[in-house]
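Assemble the whole structure, with the sequences as input and the hints as a guide.
2 protein chains.
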Amino acid sequence: MTNDNKHLLIIGGVAAGMKAAAKARRESPTMKITVVTDEQYISYAGCGMPYFIGDIIKDSKKLILREPLYFKNMHTIDVLTRHQATAIDIKSKQVKVKNLEKNKDLTFGYDKLIIATGAQPIVPPLPGISLGNIFTLRTMSDVLKIRACVDGGKVKNAVIVGGGLIGLEMAENLVLRGIKVTVVELLDQILPPLDRDMAQLVQKHVMEKGVEVITSDGVKSFEGNSSGAVTTVITDKRHLPADMVILSVGIKPNTKLAQEAGIDIGTTRAIKVNERMETNVPDVYAIGDCAESVHLVTGKPVWMALGSTAAKMGRVAAINATGGADTFKGVLGTLIVKVFELHVAKAGLSEREAVKEGFQVESAIVPAGDKAHYYPETKDIIIKLIADKTTKKLLGAEIVGEGIVDKRIDIIATALTFGATVDQISKLDLAYAPPYAMSMDAIIVAANVLGNKLSGKTAGILPYKVAEKRDRGEDFVLLDVRTEIEYKNGHIKGCKHIPLDKLASRTYELDNSQEIITYCRAGLRAAQAYRILKNAGFRNVKYMDGSIMAWT
Amino acid sequence: MTNDNKHLLIIGGVAAGMKAAAKARRESPTMKITVVTDEQYISYAGCGMPYFIGDIIKDSKKLILREPLYFKNMHTIDVLTRHQATAIDIKSKQVKVKNLEKNKDLTFGYDKLIIATGAQPIVPPLPGISLGNIFTLRTMSDVLKIRACVDGGKVKNAVIVGGGLIGLEMAENLVLRGIKVTVVELLDQILPPLDRDMAQLVQKHVMEKGVEVITSDGVKSFEGNSSGAVTTVITDKRHLPADMVILSVGIKPNTKLAQEAGIDIGTTRAIKVNERMETNVPDVYAIGDCAESVHLVTGKPVWMALGSTAAKMGRVAAINATGGADTFKGVLGTLIVKVFELHVAKAGLSEREAVKEGFQVESAIVPAGDKAHYYPETKDIIIKLIADKTTKKLLGAEIVGEGIVDKRIDIIATALTFGATVDQISKLDLAYAPPYAMSMDAIIVAANVLGNKLSGKTAGILPYKVAEKRDRGEDFVLLDVRTEIEYKNGHIKGCKHIPLDKLASRTYELDNSQEIITYCRAGLRAAQAYRILKNAGFRNVKYMDGSIMAWT
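The listed protein sequences correspond, in order, to chains A and B.
Under our numbering, residue 554 is the last one in the first sequence; the count climbs by one each step, no gaps.
Under our numbering, residue 554 is the last one in the second sequence; the count climbs by one each step, no gaps.
Treat the hints with care, as some may be off.
Which copy? The list can't say, so a pair holds if one copy fits it or any two copies do.
The calculated BS3-like cross-link candidates involving lysine-lysine, where the alpha carbons are at most 25 Å apart (straight line), are [what the hints assert, rightly or not]:
id: 1; residue 1: K395; residue 2: K498
id: 2; residue 1: K258; residue 2: K459
id: 3; residue 1: K147; residue 2: K490
id: 4; residue 1: K147; residue 2: K64
id: 5; residue 1: K274; residue 2: K258
id: 6; residue 1: K459; residue 2: K8
id: 7; residue 1: K395; residue 2: K331
id: 8; residue 1: K302; residue 2: K381
id: 9; residue 1: K381; residue 2: K211
Just so you know, these hints were derived from the structure itself, not from any lab.
Now the structure itself:
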């Protein structure tokens, strides 16, 4: 196909749109390429915004990767800012565009159209929502407003509504600016994509850093002062003082333009596309935060708005729109967030999601060092692996810790892409030297622990399930097998204590008719105790995965 | 199978042997398990030794993970140190063992035998080799001697013979102790497993840190003083002063015991095993540094002595020897080494190895940031990817840089395990947030660059190939497209300079009959210049991969 005189029109000028424009130009030197965006800024780094507010990034210009002039001069791409696409006519292949500066209506014809309209923050219609100093964080103008408000020096108390990724990033960065922060989350846990047990580890850390975290409480309204600025957040249960409010309750895809044009919307409410990023309408593509994807573990449609996905979708759409052929098979919902000293990541399905999808789920929680234990500055991470009992394939992982987490989640994401079994993960030839890993990397150790559970060699039980049993009033012995000193420094209420090295000689203290659940600091000695008891003939024994380290 | 009264004998008490012993006990509570080793210490961390010499690890006890008493008390495993296995009788299933302390011969019967005799340093029989203060680094007694020598405070000059991983780790750690270090390498590059172009980046860094690096020079002999201590290393070309010499010219597997017993040795000269870690002799297994493996990319036998592999082999042999079933499919030759501020890693095949194996090789060198470029402390890494032109599968990767390297090599190792294509790697859903990666991770960027080369969209040329062309006196234009300032601060001799933003309007300065090779700082602008020239009708254009950053 020759692209001479053909016109590629792109609606949207942030991650997906500008990536598509630049890639299209590399693919086709002759095609006419136009980008229209209603925003003033293009090509900015949305994910970097919290760090500009926290003054980790000093200059807002650093968030803007490219200016329109760069695209004009370097790539002969026309980027029209403050130009809002208002209607797509798929029959005549025309887009109506309003020049917002001049309030003038224009019409652009296209041969190929890429829709990259992004997503927008959900703003619940609560009383007082339009008071001053209530912000969402999505666009450059959002971030400049929040930064100015913080720089004003009058914000003592901030309330963040929503304990998701952006909420927690904002919590950290506002604390860095000396502000007292409260996070209010409607659900019974922060970080909803994670399982509750892992999210609780994060919540504990955030609270230790001085952030108040309130779960299971909903914001009802906001109150302000005479100058119209917010002063109070009123929830179902509380009145919280607030000089500033960040709304981070979620985002929704911008699909109105597409929908009105007759373009199919998917079950996820984002624009439906195939793996070539084509919509149901010929020559119209959708990419980035407004487009749907496929979950590589479930094979089902999923909507995951992430900059990394946007960039990949942008490339694929550009290649196809310029006459080439490329596909984007889907995502794993991989995510990572830095929360103070903690790194928090997920790939694939959580235990809760896997159960909901109907898998026969086995999972394990395994604390492990991120480097050789004798190497200085080795830190722990806690890995939760989730697998399918039937196929023994990994379904997902969640990792939390002060040690190196991103490496392990990327190993998992790569393995999930290829449908790896837990056994295959345990045999990976990962790079080993003391500054980088244990001789068996933390991921391999975790896979071995889960493998033992899958093959029935051991019976581990997740800490939250032990807590549930206790809450239900079930009769079982919780056996602490740590040393005398560790036990005295704190233990789980109601436990029995026999140190591991005395266990073999003191089994007579235990009743074989009772269920016994062993625990230690991180799970290793609990598993050894499990074996000692099994070998001694105890029939109903389990050990607590992750033990104290994963107990919240 | 019941293991009651069965005896598992293990020869060797370091990584593989002790891992096998501990795992066997977990698999079988009743089997009798005995470990014999001629060494005084067991279960020590060989890979940590250089860091003890450098005083990064302060206490030698930290290198010893477990004592024999631990195995006796916790696992009822008998560990006999200073007991040397001298002969295996595979017919009567007996092993002759000499108690080195009491100089007494013993005989042990076995039902299952695991050979984990490890490897030993190659000591070339050169004149003066037995002078004082000439060391190898392999065992606990080696490391204690070297540390004592350094602690003595009289070592001003050290010569390291061999520029491999251990040689470079030792170079760094001796520099940390204030010693002037010279590395002598017989080959024309340090780090022989790497391609020369990547190794040269490391060599440059090491030399900047004050280490003298001599390549293409062989050690002939050593001279000493009246008290028998080394003073001089004499090479083919030089006399080097030396108060201490570290020999790190390589290791060889300890196979004598196995060979004399009639156990098959493989083409790699290590003990031949199948994927169950079984030798050709029934009930005899071999694991760790004395055993062969399979290269997962070539499918051919390979010998890679690494602690991480030893641990995995130990588990597999233990499971099989106790009546279970497990397999170890092979390795990727994954390696990583910290060299001062540089992280250096490899997985799969180098370009040189891939060519030698007969693959149709395409490769790319791509510098990229390890985090979002606007995030503080983002550092560069340089990625070399090697692929098969026919299948478009990745064959290997080498990564060097001050940024995060281990994560990327582990992603590659995982992808190689599953036979990933370059395209699949470019679509991986890796974890993205500014503190961890660019929105398209460095590995994805590199895969995209290589993908463009594989599909013929761009024509990149590796820097070393440009140097070869120049050395051959070929006629071509080397075109620097960086800014005026960058050009004035240093450029490749004999280049022509046209800044990228002027290139489109100054193409008349170039001769279409000549080959043109563009370069910039890291390759991105060189690739843009390539496209501008191609679009302007130039027929014979290439761009230099990695450009100045990869030019040595």
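Worksheet item: How would you classify K395 and K331 at a CA-CA limit of 25 Å: within, between, both, or neither?
Response: both (19 Å within a copy, 18 Å between copies)
Discussion item. At most 25 Å between alpha carbons: which applies to K395 and K498, within, between, both or neither?
Written reply: neither (36 Å within a copy, 56 Å between copies)
Practice prompt. Classify it for me, K274 with K258: is the Cα-Cα distance of at most 25 Å met within a copy, between copies, both or neither?
Written response: within (13 Å within a copy, 66 Å between copies)
Discussion item. At most 25 Å between alpha carbons: which applies to K147 and K490, within, between, both or neither?
Written reply: neither (52 Å within a copy, 42 Å between copies)
Worksheet entry | Alpha-carbon proximity context of K302 and K381, limit 25 Å | neither (37 Å within a copy, 38 Å between copies)
Worksheet item: Given identical chains, is K459 near K8, meaning Cα to Cα at most 25 Å, within a copy, between copies, both, or neither?
Response: between (64 Å within a copy, 20 Å between copies)
Fill in: Same-copy or cross-copy closeness of K258 to K459 [CA-CA at most 25 Å]
Close neither inside one copy (54 Å) nor across copies (37 Å); limit 25 Å.
Fill in: Copy assignment of K147 with K64, given that the CA separation must stay at most 25 Å
within (16 Å within a copy, 53 Å between copies)
Worksheet item: Between copies, within a copy, both or neither: which fits K381 and K211 at Cα up to 25 Å?
Response: within (18 Å within a copy, 28 Å between copies)
Hint compliance for this structure: hints 1, 2, 3, 8 are not met, and every other hint is.
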